[in-house]
Amino acid sequence: MTTFIDHKHKENPHRFTYDEVGRLVKDEDPAGGYTELIRSELPDQNGFKVEVRTAEGLVSTYQVEYPPGIQIRRTDNDPLGGKTTTEILLDGTKKVTYPDGTALTTIEGPDPRLGMGMSAPIPVKFTVTTPNGLSSTVTRERTVELVDAYNLLTVTKITDTMTRNNNPKSYITTYIIDRDTQTVTVTSTTPEGRRMVNTLDWYGRLINEQNGDLEPVQYDYDEKGRLHEIVQGNQRVSYTWDEMNRITGLQDAAGDNYLYEYNGADLLTKLTMPGLQMYQFGYDANGNVTEITMPNGAKHQLGYTKVDLPESYTPPGNGSYQKSYNLDRAVDYLTLPSSRQVDYQYDAAGRIIGMQYDSISSSFGYSDNTDRVTSIERNPDGVDYSFMYDGSLLTQMAVSGPVSGVYDYRYNFNLNLAGFTLTGDPEIALEYDADGLVTKYGEFTLTRNHSFGLPTQISNRDMTIDYSYDNFGRITNRTHQVNGQQIYSLGLSFDNTGLISQKNETVTGAVYGTTYNYDANKQLTGVTGDRNETYTYDSNGNRLSGGALYDAQVRLTSLGGVTYQFNEDGFLAQRGSDTFEYSAQGELVKAMLESGTEISYLYDGVGRRVARLVDGVATEHYLYGNPGNPFEVTAVRDNSGVVSQYYYDQLNCLFAIKQGSDWYYV
1401 MTTFIDHKHK
1411 ENPHRFTYDE
1421 VGRLVKDEDP
1431 AGGYTELIRS
1441 ELPDQNGFKV
1451 EVRTAEGLVS
1461 TYQVEYPPGI
1471 QIRRTDNDPL
1481 GGKTTTEILL
1491 DGTKKVTYPD
1501 GTALTTIEGP
1511 DPRLGMGMSA
1521 PIPVKFTVTT
1531 PNGLSSTVTR
1541 ERTVELVDAY
1551 NLLTVTKITD
1561 TMTRNNNPKS
1571 YITTYIIDRD
1581 TQTVTVTSTT
1591 PEGRRMVNTL
1601 DWYGRLINEQ
1611 NGDLEPVQYD
1621 YDEKGRLHEI
1631 VQGNQRVSYT
1641 WDEMNRITGL
1651 QDAAGDNYLY
1661 EYNGADLLTK
1671 LTMPGLQMYQ
1681 FGYDANGNVT
1691 EITMPNGAKH
1701 QLGYTKVDLP
1711 ESYTPPGNGS
1721 YQKSYNLDRA
1731 VDYLTLPSSR
1741 QVDYQYDAAG
1751 RIIGMQYDSI
1761 SSSFGYSDNT
1771 DRVTSIERNP
1781 DGVDYSFMYD
1791 GSLLTQMAVS
1801 GPVSGVYDYR
1811 YNFNLNLAGF
1821 TLTGDPEIAL
1831 EYDADGLVTK
1841 YGEFTLTRNH
1851 SFGLPTQISN
1861 RDMTIDYSYD
1871 NFGRITNRTH
1881 QVNGQQIYSL
1891 GLSFDNTGLI
1901 SQKNETVTGA
1911 VYGTTYNYDA
1921 NKQLTGVTGD
1931 RNETYTYDSN
1941 GNRLSGGALY
1951 DAQVRLTSLG
1961 GVTYQFNEDG
1971 FLAQRGSDTF
1981 EYSAQGELVK
1991 AMLESGTEIS
2001 YLYDGVGRRV
2011 ARLVDGVATE
2021 HYLYGNPGNP
2031 FEVTAVRDNS
2041 GVVSQYYYDQ
2051 LNCLFAIKQG
2061 SDWYYV
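For my numbering, count along the sequence shown from 1 and bump the result up by 1400.
It is worth saying that the hints were derived from the structure and are not from the lab.
Treat the hints with care, as some may be off.
To be verified - Derived lysine-lysine pairs resembling DSS-like cross-links, with alpha carbons at most 25 Å apart: (1) LYS1449 with LYS1494; (2) LYS1903 with LYS1922; (3) LYS1569 with LYS1557; (4) LYS1723 with LYS1699; (5) LYS1449 with LYS1495; (6) LYS1410 with LYS1723; (7) LYS1699 with LYS1922; (8) LYS1408 with LYS1706; (9) LYS1670 with LYS1699; (10) LYS2058 with LYS1840; (11) LYS1922 with LYS1670; (12) LYS1723 with LYS1706; (13) LYS1494 with LYS1483; (14) LYS1569 with LYS1840; (15) LYS1706 with LYS1410; (16) LYS1426 with LYS1483; (17) LYS1426 with LYS1408.
When you get a sec, could you build the whole thing from the sequences and use the hints?
Have a look at this one:
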């Protein structure tokens, strides 16, 4: 194929150029971007090299060679100058070295079936080593049972046993092939004994899923092999299909139906909700969504570039949001309806090095030929970060400026975070069970359900939170005790669509019961209990109760005598007599309250709020020290320098705060 002409760009097609033996040498797109491939042979026919160039000048090379004593060596040089080397030795051992210094080694062994051996090898040992010497090894053994050892097609059972770092407990996966029932049962058992059992039919389709002692999930298919129904306990979802194998309906356990309609190109054109509200979709000739019509008739318009990248969005009654790209399809800038822009800058290797908007500039620095960021600066807020790594593991993060602090991170040989410290504070250590689930979090002990691993208790010397779950793994009871005295308990019940139907709370001895009702669209319509409320909605799903009014973009404009106004960029500009200012990135920069008080905020280079100021005086500084969740606030420093460290549970909900030597429980 030398030319590809799509429906939108017939005058400017996609072109392909080949060399004399039919290998692709250039791929040109309708927007002027291209990828060029230049192949050259190595001396003595010992391999070849391919150089890849892009329209923006990025260059990568891929070299394959066959040196003595090695099956193959592949060397990939990316535009950063980083080198990834892969060697496969004569015995099948595979060694990979990455630009950050991380090394992987995979050793293969024979398949145990008679006659297979090293003609069908399996990985038996895998080792990853970081530049600082942290090493983790996984070993694997396989056994196979056959009816006839000389007939490879009579396998009845395969068992894979995987062990990590000589842990006496292993991951065991078994495959039971039953020709009588024509099923394959896959049982995965963790080192702690937790089990997941999946059953597949003879076509490889999942028909039953059992996670510990949770309700099994059953999958049913129609005579054409299409998914017909999923059932778990009292919950179910069923599907209907048309003759073109398109889903035309979905029904939940409450009997509520969602209906789907399509055009001749099999693109969804209409979604009808259980309450009969309709969402409609329009497309361009290339199948991109160009129009979304809301149930109230309001239309949202979308536009695309010559290579089908999102280019514009026009909400009802508003100017357009525009996005521009360079020839390599990286975003150049964003333009808001007010003409404010967010500009992006890249280095010669294609890494982002800066963002500019309004009077704000953020810069990103790199200290080697990887894409690991080692510094982030934001001005004029003056917030600076520096980072240190061991391979891909973050070992230190330091922040300076209006907010300051240093986080140091320690890892175990399973490459899990083993502990972290914030400047001047004791280490918060983490421990794990054999499955890699957290069992110790600083001063807190986490006791876990043996069947499916969710926490049943979080406790320290004076606080205990107990959790109970139903057969779906949902929390049904949560109880808080401090110094042996219950201060709070929560009980939850659910309907057959998974929505909360009943909540019972006990707060310092006082009991509060609440019942919830929903309409067919799963919108909350009634609350009954100590406080009774009813809610109604417009066709777009906006809550009307309390006299709420909305504009064409479904933004709240009036409620309870308070009016809300938005600027042309879509940001809230005024709420009653309070006014607000936002950056082009949507960061709330300033709030002027009716009382005359000015609340302002500072941000870092990735848009995280790092300080709150009242009339120009900082009252709080925020730190983000969780490498697994970089947008989670882990500590707050007040204007007197006192640090509060935050603790979160498995749902990322705050449950404890440590301030100096004092504890506060949520």
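Which numbered conditions among the earlier hints are violated in the structure presented, ordered from lowest to highest?
Those not satisfied: there are none.
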